[in-house]
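Asks: Okay, here's what each chain looks like letter by letter:
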Amino acid sequence: KAGVTQTPRYLIKTRGQQVTLSCSPISGHRSVSWYQQTPGQGLQFLFEYFSETQRNKGNFPGRFSGRQFSNSRSEMNVSTLELGDSALYLCASSLVFPGISNTEAFFGQGTRLTVV
Amino acid sequence: QKEVEQNSGPLSVPEGAIASLNCTYSDRVSQSFFWYRQYSGKSPELIMSIYSNGDKEDGRFTAQLNKASQYVSLLIRDSQPSDSATYLCAVGGTGNQFYFGTGTSLTVIP
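As they're listed, the protein sequences go chains V and Y. All the letters of the first sequence, read from the start, carry residue numbers 12 to 127 under my numbering. All the letters of the second sequence, read from the start, carry residue numbers 2 to 111 under my numbering.
For reference, chain V alone in the conformation it holds in the complex:
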């Protein structure tokens, strides 16, 4: 069974540019969450998508956005990149059961974004 696939694995961008990251969840997983990981802040929740709708959102500025497609694949976009956006961006997929929160989440390999 294929795991969570994130592309690209590495990106180098210049301040002010925008970037789009992609995540394909495990087959059958309809919930996709995005996290930012930095040495200083650890893993911080960005947002969660389920059935093409953003279900939860963390405390990040509006420059961070995402979407989910009908096949559960998800993308996140960061506009007007800042140096502080340099981080490992992780996508996690989960099953969804009616009435049950917090099923196990499985992470992709991440996209390492460097902003110069």
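The set of hints was computed from the structure by calculation and includes no laboratory data. Incorrect hints may appear among the rest.
[As the list claims (entries may be wrong)] In silico contact screen, one side only, chain Y against chain V (beta carbon under 7 Å); selected entries:
id: 1; residue: 45
id: 2; residue: 98
id: 3; residue: 103
[As the list claims (entries may be wrong)] DSS-like mimics (lysine-lysine), calculated; alpha carbons at most 27 Å apart, straight line:
id: 4; chain 1: Y; residue 1: 68; chain 2: Y; residue 2: 57
id: 5; chain 1: Y; residue 1: 43; chain 2: Y; residue 2: 57
id: 6; chain 1: V; residue 1: 68; chain 2: V; residue 2: 24
id: 7; chain 1: V; residue 1: 24; chain 2: Y; residue 2: 3
id: 8; chain 1: Y; residue 1: 68; chain 2: Y; residue 2: 3
id: 9; chain 1: V; residue 1: 24; chain 2: Y; residue 2: 43
id: 10; chain 1: Y; residue 1: 3; chain 2: Y; residue 2: 57
id: 11; chain 1: V; residue 1: 68; chain 2: Y; residue 2: 57
id: 12; chain 1: Y; residue 1: 43; chain 2: Y; residue 2: 3
[Claimed, not checked] Just the calculated beta-carbon pair ranges, DEER-fashion:
id: 13; chain 1: Y; residue 1: 95; chain 2: V; residue 2: 90; range: 40 to 48 Å
id: 14; chain 1: V; residue 1: 123; chain 2: Y; residue 2: 67; range: 46 to 54 Å
id: 15; chain 1: Y; residue 1: 10; chain 2: V; residue 2: 49; range: 12 to 20 Å
id: 16; chain 1: Y; residue 1: 9; chain 2: V; residue 2: 95; range: 20 to 28 Å
id: 17; chain 1: Y; residue 1: 21; chain 2: V; residue 2: 111; range: 14 to 22 Å
id: 18; chain 1: V; residue 1: 111; chain 2: Y; residue 2: 41; range: 17 to 25 Å
id: 19; chain 1: Y; residue 1: 27; chain 2: V; residue 2: 95; range: 21 to 29 Å
id: 20; chain 1: V; residue 1: 70; chain 2: Y; residue 2: 70; range: 22 to 30 Å
id: 21; chain 1: V; residue 1: 38; chain 2: Y; residue 2: 70; range: 19 to 27 Å
id: 22; chain 1: V; residue 1: 90; chain 2: Y; residue 2: 61; range: 44 to 52 Å
id: 23; chain 1: V; residue 1: 31; chain 2: Y; residue 2: 56; range: 39 to 47 Å
id: 24; chain 1: Y; residue 1: 16; chain 2: V; residue 2: 31; range: 42 to 50 Å
id: 25; chain 1: V; residue 1: 38; chain 2: Y; residue 2: 61; range: 23 to 31 Å
id: 26; chain 1: V; residue 1: 123; chain 2: Y; residue 2: 60; range: 40 to 48 Å
Using N, Cα and C, we set each Cβ at its ideal position, and we do this for glycine too.
Given the coordinates of chain V, work out where chain Y should sit on it, guided by the hints.
Replies: Chain Y in isolation, oriented as in the chain V frame:
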């Protein structure tokens, strides 16, 4: 903001010993808890989940949950050098949102 606290370590144990990793959380109504292992330069890998008070065992790993004390722990028996990694405690929020601790670095000394 929900808080998840872990001792950052580093924690060093000799090979074959028991490693004990601890985590406390601030939200009394939290219902789901997870342990992840993250090797340097890699993504987090799920070790186990626990939802009920008490112990849950999976191979060499045992998770312990005490909701009254807002405390969750992970014991690794017969520690191996390959267990050297950062261990992340995660607590479930709404939907599939997780709150993560900053992790405990474990080194198993051969």
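Asks: All hints, please: hold or fail.
Replies: Structure-based check of each hint:
1. 45: holds, 5 Å
2. 98: Since chain V brings a Cβ to about 5 Å from residue 98 of chain Y, closer than 7 Å, the hint holds.
3. 103: At 4 Å from the nearest chain V Cβ, residue 103 of chain Y passes the 7 Å test, so the hint holds.
4. Y:68 with Y:57: Within the cut-off at roughly 14 Å; holds.
5. Y:43 with Y:57: With Cα atoms ~26 Å apart, residue 43 of chain Y and residue 57 of chain Y stay inside 27 Å; holds.
6. V:68 with V:24: Given that 27 Å is the threshold and the Cα spacing comes to 25 Å, the pair holds.
7. V:24 with Y:3: Violated. Residue 24 of chain V to residue 3 of chain Y sits at ~32 Å, over the 27 Å cutoff.
8. Y:68 with Y:3: Measuring from Cα to Cα gives roughly 15 Å; hence the hint holds.
9. V:24 with Y:43: holds, 21 Å
10. Y:3 with Y:57: OK: residue 3 of chain Y and residue 57 of chain Y at ~24 Å, within 27 Å.
11. V:68 with Y:57: Judged against 27 Å, a Cα distance of about 31 Å means the pair is violated.
12. Y:43 with Y:3: holds, 25 Å
13. Y:95 with V:90: 40 to 48 Å: violated, 26 Å
14. V:123 with Y:67: 46 to 54 Å: violated, 37 Å
15. Y:10 with V:49: 12 to 20 Å: Since the Cβ atoms of residue 10 of chain Y and residue 49 of chain V sit about 18 Å apart, the hinted range of 12 to 20 Å holds.
16. Y:9 with V:95: 20 to 28 Å: holds, 22 Å
17. Y:21 with V:111: 14 to 22 Å: violated, 30 Å
18. V:111 with Y:41: 17 to 25 Å: Once the Cβ atoms are compared, 33 Å apart, the range 17 to 25 Å for residue 41 of chain Y and residue 111 of chain V is violated.
19. Y:27 with V:95: 21 to 29 Å: holds, 26 Å
20. V:70 with Y:70: 22 to 30 Å: holds, 28 Å
21. V:38 with Y:70: 19 to 27 Å: violated, 39 Å
22. V:90 with Y:61: 44 to 52 Å: holds, 45 Å
23. V:31 with Y:56: 39 to 47 Å: Given range 39 to 47 Å: holds, Cβ gap about 44 Å.
24. Y:16 with V:31: 42 to 50 Å: holds, 45 Å
25. V:38 with Y:61: 23 to 31 Å: holds, 30 Å
26. V:123 with Y:60: 40 to 48 Å: violated, 31 Å
Hints 7, 11, 13, 14, 17, 18, 21 and 26 from the list above are not met by this structure, while the remaining hints are.
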